[in-house]
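> One-letter residues, chain by chain:
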Amino acid sequence: MARQLTFSIFRYNPNKLGDKPRMQEYTFEEFEGLTLFVALNKIREEMDPTLMFDFVCRAAICGSCAMMVNGRPRLACKTMTNLLPNRINLLPLPVFKLIGDLSVDTGTWFRNLQVKTESWVHTKKRFDPNALEVRMDNKIAEQIYEPERCVECGCCVATCVTANIREDFIGATGINRVSRFMMDPRDERTDADYYEVVGNEDGAFGCVGLMACADLCPMELPLQSQLAYARRRMAAAGLKLQFAGVKIS
Amino acid sequence: MSAKHTHISDVLVVGAGLAAERSAIEAAEQGLSVIILSLIPPRRSHSTAAQGGMQASLGNIAMGLGDNPRIHLEDTIKGSDWGCDQEVAKAFCDTVPIMIRQLDSWGVPWNRVVAGKKKYASGIETEDLKEKEGLITARDFGGVAKWRCCYTADGTGHTVMFVVDTVVCKMGITVHDRMEAISLIHDGETCLGVVARDLRTGDINVYLAKSTVIGTGGAGRIYAATTNAVVCEGTGGAMCLNTGLVPLGNMEAVQFHPTGMPPVWILMTEGARGDGGYLLDKNMHRFMPDYEPKKKELASRDVVSRRMIQHIRAGYGIQSKYAPQHLWLDIRHLGRKWVWNNLREISNIAMNFNGLDPAKDLVPVLPTQHYSMGGVRTNKNGFVYGLKGLFAIGEAACWDLHGFNRLGGNSLAETVTAGFLVGKEVAKYTLGATQKFDYKLIEGFVKTEEERIKNLISGKNGKENAYAIKEAMGQAMMDHVHIFRTGPALQQGVAKLQELYRRSLKIGLHSSGQGANPELAQALRMPGMIRMALCTAYGALMRTESRGSHSREDYPKRDDANWLKRTLAYWKPGADLPTLEYEPVATPHMPPGDRGYGEATAGPKAAK
Chain A
0 MARQLTFSIF RYNPNKLGDK PRMQEYTFEE FEGLTLFVAL NKIREEMDPT LMFDFVCRAA
60 ICGSCAMMVN GRPRLACKTM TNLLPNRINL LPLPVFKLIG DLSVDTGTWF RNLQVKTESW
120 VHTKKRFDPN ALEVRMDNKI AEQIYEPERC VECGCCVATC VTANIREDFI GATGINRVSR
180 FMMDPRDERT DADYYEVVGN EDGAFGCVGL MACADLCPME LPLQSQLAYA RRRMAAAGLK
240 LQFAGVKIS
Chain B
0 MSAKHTHISD VLVVGAGLAA ERSAIEAAEQ GLSVIILSLI PPRRSHSTAA QGGMQASLGN
60 IAMGLGDNPR IHLEDTIKGS DWGCDQEVAK AFCDTVPIMI RQLDSWGVPW NRVVAGKKKY
120 ASGIETEDLK EKEGLITARD FGGVAKWRCC YTADGTGHTV MFVVDTVVCK MGITVHDRME
180 AISLIHDGET CLGVVARDLR TGDINVYLAK STVIGTGGAG RIYAATTNAV VCEGTGGAMC
240 LNTGLVPLGN MEAVQFHPTG MPPVWILMTE GARGDGGYLL DKNMHRFMPD YEPKKKELAS
300 RDVVSRRMIQ HIRAGYGIQS KYAPQHLWLD IRHLGRKWVW NNLREISNIA MNFNGLDPAK
360 DLVPVLPTQH YSMGGVRTNK NGFVYGLKGL FAIGEAACWD LHGFNRLGGN SLAETVTAGF
420 LVGKEVAKYT LGATQKFDYK LIEGFVKTEE ERIKNLISGK NGKENAYAIK EAMGQAMMDH
480 VHIFRTGPAL QQGVAKLQEL YRRSLKIGLH SSGQGANPEL AQALRMPGMI RMALCTAYGA
540 LMRTESRGSH SREDYPKRDD ANWLKRTLAY WKPGADLPTL EYEPVATPHM PPGDRGYGEA
600 TAGPKAAK
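From first to last, the protein sequence lines are chains A and B.
Just so we're aligned, residue 0 is where the first sequence starts under numbering that gives the first Met the number 0, counting upward by one.
Just so we're aligned, residue 0 is where the second sequence starts under numbering that gives the first Met the number 0, counting upward by one.
Same shape as in the complex, but just chain B (with noise of 0.2 Å):
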């Protein structure tokens, strides 16, 4: 047996999102060959769950006015807790208003501004300009000095995916839905392509291609509770780290989102607090201003996560159907007309999920896993470490935006941003690069997954069921690696991951696996998503400081002089525990310093 189809082309794009899409447009753009690849219709991507809004420094609103890219670059960095990439953020944070126009000419339907007086929930009252009439508004969000969130009520990430996808569909760029990447094709120094299975019909196929780009999304799944659509699997990056060549950075730090919505968690936008909303304890006080006086329940998203956590743990928490434990969301004062209006989505799954009507209702939330900050690591041009003509964009790479903590609406603006940056670099090299073709070693790669799916059929390496590890794994990484974390804990976790991972070697199917067999499917991933799991609370175990979202107990204090670096996680073959190395960050443009929020400013108050 042997691969069913094989197809060539200049460029691969593994995932259709929105940064995998904007990158395919970059390099058709160029008259370059592009075929993309996704386990869903691209317009089904996580993409379009996307709430809030994208951050870009148009300042056109009153709130906003004075912005520009140096101080989004500011308070991308702080929000990072110097974390990140700071030539990265500097030149995403240089382009994204392009970015945002270029979208408007396409046809995404941004709020605009309304010139007048206006009162908002918060108390605060300013007066948009005539001269500033019908150009993109904005809306405030979390750690940022200027409001520059622009967005389309709160489905943004939906209207921006659908605008993007149209442009796909006038370039008749081809995408091949339902087919998922199972393995890089490579010689050890530069990938050829990947080797995929048609979730229609089981097949393996070929795709064989000069460059290829890794925009598959996060890995939240890995969390039993997260905001996360059920394909991110961290499927790409787990595909990544398997060749042993290529490094996943900084696992370790994993967004907590303030507001997911229990039992289903799923995400209460940021753009209910950026537009006036509180978070309320169990005696309906008001607890945010207690802890952050000055951002409050604007604080970056690890602060007020770790803020809401401490105030639960102090006994403020509330016990319901919902959750053992939440707090309340409450955005009853911004009115009916607001709430349905910009907050609808949000009501809508609210009412959908709970039959809680925002706009009389106060909404059960608690942090949530959101975000994964990590993913393949790149240079700054979106070249994937160790292996060439490999690329990774969006959520699944760590391009290093984002260091430690993202803000809130950096991200969707980064999928378009990079898509656009390293789709430009894509094409570059594409057009200066040759197709290898080594059949004897593309063979060996389809024989390798053609063995794995045997087995798995047959049950040669063992009975262990996929569902029960998916769950444990899950279930680990909420008890070991979530907000708080401490040595001890995190050892426990990493053995108990590593138990998982030598049982997910001998995982055998209950069924015959023929065809399209979904048990198949979650069977091919469940090793690969462990390794990602165990990058992620190895990583944290080893890394004996606090910053940002990854937050220890027992090292409270971020420490520059021992760990202003990233972490960079290997998988050797036949290992159970990645290898660990670092890099150093460096600080060109803001040294370390104060965030003007959180833990080191405002001390952790006792709550009232």
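Bound conformation, chain A alone (with noise of 0.2 Å):
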């Protein structure tokens, strides 16, 4: 006999007046293949029509579906329910600003970070569109493409206690990302310039090593030893500066 689901949703609308935050239950049989981007649906369309979260891609590859899934941050759409217990508690990612119910702003976070961290190739070259492109080795591509697996979709800076105490840590997505820079020889910054951006406790120092990021990760990304390699040259470059007489704030 199939189970009876009971979905108990964490309900919010701070754009309504006098709303107030609380748990609201649903239930249903569970059926073949069922999916919370499929029971969530299914929720909206049939039970609640007011019921906010979201899902783009719904193939895991887009990000957008993040939430806390009995506690752990997940992605919603390949969370199959038959894994789960009968009763399924959904809230919304800390840390990111609520928009309603499940749905939260990491549209906003990720921008701030792209730019906070400049990721993107920093180069002095002029592009040629007549030259060729310049040669790299197939293994430097492919290991560039690990860390660029990355979908910002959140999970890593939910479940870290840095970025839930303090705000303007960047993550394990946040360090990832760059290193993927530190690792393309596209990009021209030096350790020194990298120090400027992630060499501080918002940066590199300031994961305190629990790493549920990297147990976490729903794109299972190397977010240990992509630590481990910022940290390793942050930790360089630190010295270096220092023994070259530069302050270190």
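Take these hints with a grain of salt, some might be off.
[Claimed, not checked] Cut-off 35 Å, straight-line C-alpha distance, at most; resulting in silico cross-link-like pairs (DSBU-like, lysine-lysine):
#1 Lys462(B) with Lys41(A)
#2 Lys123(A) with Lys462(B)
#3 Lys89(B) with Lys123(A)
#4 Lys359(B) with Lys41(A)
#5 Lys138(A) with Lys129(B)
#6 Lys453(B) with Lys15(A)
#7 Lys3(B) with Lys96(A)
#8 Lys379(B) with Lys124(A)
#9 Lys169(B) with Lys123(A)
#10 Lys3(B) with Lys19(A)
#11 Lys427(B) with Lys124(A)
#12 Lys505(B) with Lys19(A)
#13 Lys123(A) with Lys427(B)
#14 Lys96(A) with Lys169(B)
#15 Lys138(A) with Lys505(B)
#16 Lys15(A) with Lys459(B)
#17 Lys15(A) with Lys423(B)
#18 Lys169(B) with Lys239(A)
No wet-lab data here; the hints were simulated from the structure.
Two independent chains are provided; combine them into the complex using the hints.
Right, dumping it as structure tokens:
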């Protein structure tokens, strides 16, 4: 016999005057292949048209639908209910600004991150449309692709102790993003340049090493080694700057 | 009540996928102020879902040696079944190699040529030259004479989208995400901007600009089963159509991708077959060579999709928990290393949604709606027909690079190339244009939208359920306007859609509609979506030939004498059916001929 599932969902619309945060329950019978994507749409279309949540690709590649599922951040689209108990608690990701119910504003947070960490290729070369591309070892291209796979879902930020208590911490996703440029030969920034960006407690040195990010990354990115890589280079850069007599704040 | 905020810029770009952002970059480079509107943060756009790669005739890999834009052009024209605009296709094929290299300079980690002898799973043995080592490599794709699909594993759309967005961030281009354009503001001659609904608050805003660029992507969600993201509801096209002045081109040209994965209909990249994957039937027989001895699994998508359905109809489909009828994709012989490196994103998808490991398991596949070749009709410079100051780009547009069938890898390539080429035209036009301010006119458009919202909330016009109507529309498209089409079925489909259209005008909310209410967003989109569906169904009914993806069983031959032309669908005020006009399709670079694959060449062989 199919299970009765109870979805206990966080409800709060900050734009509605007088609305108060609360948990609301919806119950229906589980069926084959049920994911949280299917379940939430069913609830909205058949039970409660006001329910707010975000899905875009529904294929676990766009990062829109991260939420707290029974206490852990997950991509809802690829979460099958048959792996969950009868009672499923859904809450919005912490850290990010709440838009309503399960919908949070990851877009603004990540855009600020890109700007703050200057996450783009810095080069003095001008693009020459008549020239061949600069050669690159395929192994390096594959190495860059690893951190580049981050979908900016925010799971690592939501689960990070530092990010939960310090607003300006760039999180594993931010450190991963910067290290992606560090390993890209097309980016001409020096370690001293990167030190300006992430050589501080809002960057590479803010992490306290609990590594829940690495355990819970839906893309299974090598966050631990990316963090170690960035730290190693930043620690070396910091020492070098200090020996050169540069005062580090 | 009036608009909450009014924003003014030189250029307004509606949509933030690859085509949209690339055009914004081009305009911003000319010093123009640009605002981008998007339903979602740019990096979540459906462009990121593109897997396999971008076609560009770099000719670096051994199997691509000697490639050039002319061969790419010929492949594209054949792929389009002579339906494309050949001048557009030529400009595209000439420019796309530069685009690939520019993306490289911006940071895309393109996979590179590794020198040495190799043997591919397909049995091909080649040697890549030392002199090409480290240059951008390519994989095989459907309907091509040379390997030219440049890629980053099978996450090409993701890497290109992220890198293009880094340039948008670097240039400081303004993006207003969670902002949905709901109607065009125009005076009958010129587009002045849009009315938009804030999806955070529900507020109505006005955006005014000298030029407006529509880059809102495809309309796959008019079908119940599609590989498209849930945001691909054709909002930009519907908005243009609703003016009554702007036509949609060739809406009946809909691509069905051979390998959507049931039951979730997520795409399994063509790269899987490009890298040597097979299609198998219920007897584990590799059937495509029976139908297409030359191209096998790598004929164009329209052809492979039809052959698959033909084979299922002949009784060779598989019945399983995944779907009532489907076929298998087999990439096991590519080896675990190849599968989990170069086809890793689709392997994750197969694992996540069906618990299958493609290195050892077969993956269920069935042709699935994938791409809208049709869209807002523009001239070869991206200017939309019917209104000045309005441009369209990417999948939202019918620039007409693809005609009646798009080649795999040509759409991702189109996004950045059109973004560059049309973006330049946008900039040129905008630099010579003046902003029109007509407050009465603007207020009129705002008022119309506020009335619509008020009526939906109060239920003044009726209490029809937006979600129920959407579902019925999707099913009607599946039942009547799918891969194989016939006059009587299309006629029934049109009638069903007309009935649904009339009902969609009587939608009333079942919730309060206050704030960023999601039901209201859906309700506002519904009549426009059904108009797009009707343009597709009615265009298909009236086109009495088969061309590319448009396959009429009652008119199985391509008819160049009567149908070498493009459909233009207009929606006149108060109508419940589009008005169709036609324009000729010129063939300056390659006269109509044989595609070298498909029914005309290989014939409808019986299955073995």
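> Determine for every hint whether it applies to the structure shown.
Quick rundown of the hints versus the structure:
Our distance criterion of 35 Å between C-alpha atoms is met by Lys462(B) and Lys41(A), whose separation comes to about 20 Å. At roughly 61 Å between alpha-carbon atoms, Lys123(A) and Lys462(B) are farther apart than 35 Å, so this suggested pair is violated. Of the supplied pair hints, the one linking Lys89(B) and Lys123(A) holds, its CA atoms being roughly 32 Å apart against a limit of 35 Å. Distance restraint check for Lys359(B) and Lys41(A): the Cα-Cα separation of roughly 34 Å lies within the 35 Å cut-off, and the hinted pair is therefore satisfied.
A C-alpha spacing of about 16 Å is found between Lys138(A) and Lys129(B), which places the hinted pair at or below 35 Å, so the restraint holds. A distance of roughly 18 Å separates the Cα atoms of Lys453(B) and Lys15(A); the hinted pair therefore holds under the 35 Å criterion. About 22 Å separates the Cα atoms of Lys3(B) and Lys96(A), which keeps this hinted pair within 35 Å; it holds. Among the hinted pairs, Lys379(B) with Lys124(A) is consistent with the structure: their alpha-carbon atoms are about 32 Å apart, no more than 35 Å.
Among the hinted pairs, Lys169(B) with Lys123(A) is consistent with the structure: their alpha-carbon atoms are about 14 Å apart, no more than 35 Å. Taking the CA atoms of Lys3(B) and Lys19(A), the gap is near 25 Å; set against the 35 Å cutoff, the hint holds. Note on Lys427(B) and Lys124(A): the hinted pairing holds, with a Cα-Cα distance of about 26 Å set against a maximum of 35 Å. For the suggested pair Lys505(B) and Lys19(A), the alpha carbons sit about 33 Å apart, so the restraint of at most 35 Å is met.
For the proposed pair Lys123(A) and Lys427(B), the alpha carbon gap of about 27 Å is at most 35 Å, so the pair holds. Between Lys96(A) and Lys169(B) the alpha-carbon distance is near 24 Å, which keeps this suggested pair within the 35 Å criterion. The straight-line distance between the Cα atoms of Lys138(A) and Lys505(B) is roughly 59 Å, outside the 35 Å bound, and the hint therefore fails. As the CA atoms of Lys15(A) and Lys459(B) are separated by approximately 24 Å, the hinted pair is consistent with the 35 Å bound.
Taking the CA atoms of Lys15(A) and Lys423(B), the gap is about 44 Å. The hint is violated against a cut of 35 Å. Between Lys169(B) and Lys239(A) the CA atoms are separated by roughly 29 Å; this keeps the pair inside 35 Å, and the hint holds.
In this structure, the hints that do not hold are numbers 2, 15 and 17, in rising order.
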